[in-house]
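Student: Residue numbers (our numbering), protein chains in the order written: chain A, 1 to 241; chain B, 1 to 621; chain C, 1 to 248.
Honestly, I wouldn't trust all of these hints.
[Said to hold, decoys possible] Which chain B residues stay away from chain A? Per the calculated CB distances, all over 12 Å, these: (1) 81; (2) 127; (3) 559.
[What the hints assert, rightly or not] Derived list of chain C stretches under chain B, where covered just means 3 residues or more per stretch with a C-beta under 8 Å from a C-beta of chain B: (4) 42-55; (5) 58-71; (6) 115-125; (7) 178-184; (8) 195-202.
Hints are computed from structural coordinates only; laboratory data are not their basis.
Using N, Cα and C, we set each Cβ at its ideal position, and we do this for glycine too.
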Amino acid sequence: MFSGEKNLKSFFWAWAIITAVGVFLSVFLTHRYMPQMMSNDGNLATETTILFSILAAPVAAGVYASALHVMRTYRYRGEGVPPAATPIRENTKTLVTWLTASAVLTVFVLVWGLGALAAENSSSGNPLIVNVTGQQWVWTFSYPGSHVTSDELYLPENREVEFRITSVDVTHGFWVANFGVQVDANPGVITTIHTKPNRLGAFVVRCEQFCGLNHAFMESVGHVVSPKQFSNWLTSQPQRA
Amino acid sequence: MVTTLEHTATSAEPKGGGLARHQNFATAIIAGGILAWVFWFVARRLFFADSDNVSDEVAVMTATGWMIGFWIGIGAFNGPFRWLVGRDHTREDDLYYAGHNLGRARYWKYTTDHKVVGVQYIITTMGLLAVGGILAMAIRTELIVPGNHFVNQQVYNGFIAIHGMVMILALIVAVSGPWGNFVMPIMIGARDMAFPRLNALSLWTLVSAAVLLVTVLAVGGLPVGWVVMGTIADQAGVGMDFFAMAIVVFTVSTTVASINLITTVITMRTKGMTLDRLPIFVWGTLVTAVLALYAFPFFFVAELNQILDRTVSTSFYVAAGGGTSWLQANLFWLMGHPEVYVILIPAIAALFEISSVMARKPVFSYRTAVGSMVALSGLSALVWAHHMFTSGWAPALGGPFMVTTELISIPTGIFFLVLVGTLWRGNVWMKLPTVWMFGFIFNFIIGGVTGIYLSDVPLDEQLHGTMFVTAHFHYIFVGSVLFGAISALAFWFPKVTGRYLNEWLGRISFWLVFIGVQITFGAMFLSGLKGMPRRVASYDLAFEHTNFISTMGAYIIMAGMLVLLGAIIHSWRKGEPSGPNPWQANSLEWQVPTPVPLENFETEPVVTEDPYNYGEELVNS
Amino acid sequence: MTIDLEPHSEMHGGTPGHHEPPEKVDARQRLGVWLFIGADVVTLGALLFTYLYLRGVNTDHHWMSMVGYKGSLHTYAYWWNAAENGTLKNAPATVYVPLISTGLQWLLAALTVVSAGLLWLGEKGLRTTKNAKAFSSMALLATLVTLGGIVVAAILLKDIPQIFVTVNDSNTMSYTTYDSAMMAIIGSTIGHLVILAFLGLGLAIRSARGVINGDKWHQVRLVRFFWVWVAISAVVSTLITTTITSVH
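Just chain A, with the same shape it has in the complex (with noise of 0.2 Å):
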């Protein structure tokens, strides 16, 4: 498809320009912009969403770079309606080599993907459990074993912790966006996540499920402490059956 083509040089020095400017902003703005991760699977987002705009990059570009040599090389700038051009209807090469790098493209996010789920899914055993109840529009946290009920989350740094959460209304979404994990709270079922906080400071607990009046300001504050600090807040909790 491209022998003798012309403009072949522009055209592979539009992809490479794209192609960077591509990289650098899939760096740039998942760095700029993606919150500060406090738990392995919010690295693991942010690592995939990188490694994915990377990927991207070149793919769109290409389509990028095509699509600006058609314009400058192909535009007809005659007067009135342009002739037939050679007519082409197949071409078996492009055709299998775009399906063989869109397949392999796709098999690896697929790997990739598959991989991710797989370690998130693994647990390492004896993780802290933390009972979630969302209601209109309030989240309310539980710690089972020590009769604790609070409206922050507090969570130990470096121990996993389980979810297990529901609603007693309509569907709400639990959501930490520091963490990467997210699951719908539903009434009369509890489902659960789990995740390993790695890193101290506060983060903010949404609503991502829309659940009626003031779905908007369904938020509570956690916090990752020392564990430590977090059995001292524990103790320092009223105790409610």
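Once you have looked at the hints, place chains B and C on chain A.
Tutor: For chains B and C alone, coordinates are given in the frame of chain A:
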């Protein structure tokens, strides 16, 4: 020799028609209003509802009254009734229904001529886009700064679902409605659709459903999000009843339209129009219609269950009674994902058609392109649960659904190959349809690639439910499908009106919309990455800048769409005359006169090759 | 594209000005009916999916039981008053609902099948003996049988037990998920039977008026396709709803 109607008709005064002579859009509105009132009045007596607190039963009855009244008023029941009593339409009646010698009045009636229905679909689509667009502006204006300032939170919540559903309806019909009806039958050499009266039925049931859907705004909106998730929908007011009734009727409309399109393509092709000579747009409408026929019954049942839950207190989606909103989510997305391709494939297929004409070259890899459309629609039936990755339903299925979803990128990739391959080494004619096509190519890669992020289950657990998703599907729906639809409009506009769509206004509109899309949805990606949830009336300070930028971009899109509206109105009335075949295209719709006569062809065309043989004589000689 | 204009070729298209050969129209309409049946198959699939899904998840054992007070539509006012006055004597208890009568369900399916058989017989008679009057009576008989089916379905619906629940300050007569799914399936059957009654009545009138006769019987076959499908769907759904029932 059989002569056409245009020649045999001597008297200007149409005979026949019976009751239909007195029926039009106005009588439909009046009859619908009256019957809605009657049903409301009776239902209120029946269900003891007081006037302040209208119950769901009353709302469903009122909506039913509106529908039945509208259909009586427009004349949808005339045919079935006459069939029942054995007094079938005479030839004069059929002529009257086809809009023969009715002039402009035929556009306001239950007209069977496929070209009239096509124009009616254009107007319906524009009306729906206008309503959805105004709501979009209200939504973006509210989100211009954090906090709740411009649109009351309750009103805002009521807007989002209607904006979503109205736009979805608009895009479902945006390409296959106007062009599947106006040009597709001519393209295959047919005199009309297979079932002309069903064609009118599908259009007017759509109109009756669309009116009801917009009415939801007047009864308190629909504060549930457009996916009308079971549990939250249970709390919604009578707007939800109207919504569910509108969807039930809408699914009937699409089913009827699909049956008609499929039957037309299969049985109405002219001599020599073999399947491998079909213009590729016809393939697109065929594949779409098959997919729609499969998908929309799920929506029908999903909303029927919802109506039962609300009116007779069944427990399909009510957790307290043992129901589950996962059932609703499954039924909804069994429809919802195929529906995305019902929206996308006609636009893609139209662009294949346009790219060939504008590049003066055959469609590149015709068979592969058709195969990709078929593969895509097949796969789309197997990916629905990727919308439920984070719902908690069947986490074990995350892997399998990730596989099917990511396989979709292979046929989607083929679309780029076909489009670029057709343009490659062509003599590309840079007219308005081509300009919008390049916009499509630019946006579709962004929308397509970001879809892969969301198909990755672990990453979806970060991005699901955020503005990232909203930006992704707006790149598909606005950036791609709408661009494709406008390209198709610019391309076939001369066939409908005999005039070009104004090139310069069209280009101004293009640049405004194109730049607006990049600003609005580009910034929206960043809001989502940063962690801003969807469907919120307010947001944290952290999302301030990107939202302000998105809102500015949205205003630019609106400006561009208004310019386009101006271009359409101006060009329809006094645009530059185009003649019957302005693009010197080969397919059949360009070989008939403009305006296209009733029944399209004076003599049956016989086709001996496909419409893409630009320049092949050159090679052979 | 090369287009040969053949001035003497036969016109085609389903359009007003041209009376096409009836076989051509019939072939087209047959495809249309098959496609409609196709959409109806998906609809039935969605209904049965609903039934099997709700049975499969059986949230809180609510498939065939529910916490509340056993009642019926007629007792709604009684329960409601009791709830309002705070005179509900006992605490709400788990109410177990019975299976919907298998016999009546099969009777409904049987009536649908019989009506389809009657129409089919009538069609055969029409096509062999060309006796339109005899067919008219047969179509009318089939219609009456479908009306009987509607009555049976109405009885089934009426007998579905309702449970008075007081949840979150809302007092209502509710249904278990089993009964909910059954209501949708029986309701869909009623909808189909109403369409069949309309079609059957139309065939009866049309054949009595001679619009349908020994030579013009194609519409009868079209209706029969749909009628037989409705009979099949009634048997299929009854088979499922009578064999896959309670959760153990």
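Student: The structure should be examined with respect to each hint, and the outcome stated for every one.
Tutor: Against the structure, the hints come out as follows:
No Cβ of chain A comes within 12 Å of the Cβ of residue 81 of chain B; the nearest lies about 44 Å off, and the non-interface call holds. No Cβ of chain A comes within 12 Å of the Cβ of residue 127 of chain B; the nearest lies about 27 Å off, and the non-interface call holds. Listed as a non-interface residue, residue 559 of chain B keeps its Cβ farther than 12 Å from every Cβ of chain A; the least gap is roughly 25 Å. Counting residues of the segment 42-55 of chain C whose C-beta lies closer than 8 Å to any C-beta of chain B gives 9; at least three are required, and the coverage claim holds.
Only residues whose C-beta sits within less than 8 Å of a C-beta in chain B count toward coverage, and the segment 58-71 of chain C has 7 of them, enough to reach three; the restraint holds. For the segment 115-125 of chain C, the proposed coverage by chain B is not satisfied: 0 residues have a C-beta within less than 8 Å of a C-beta in that chain, short of the threshold of three. Beta-carbon proximity to chain B at under 8 Å applies to 5 residues in the segment 178-184 of chain C; the threshold of 3 is reached and the given coverage holds. Here's how the segment 195-202 of chain C fares: 3 of its residues keep a CB closer than 8 Å to some CB of chain B, so the rule of at least three is met and the hint holds.
Consistency with the previously given hints fails for number 6 only.
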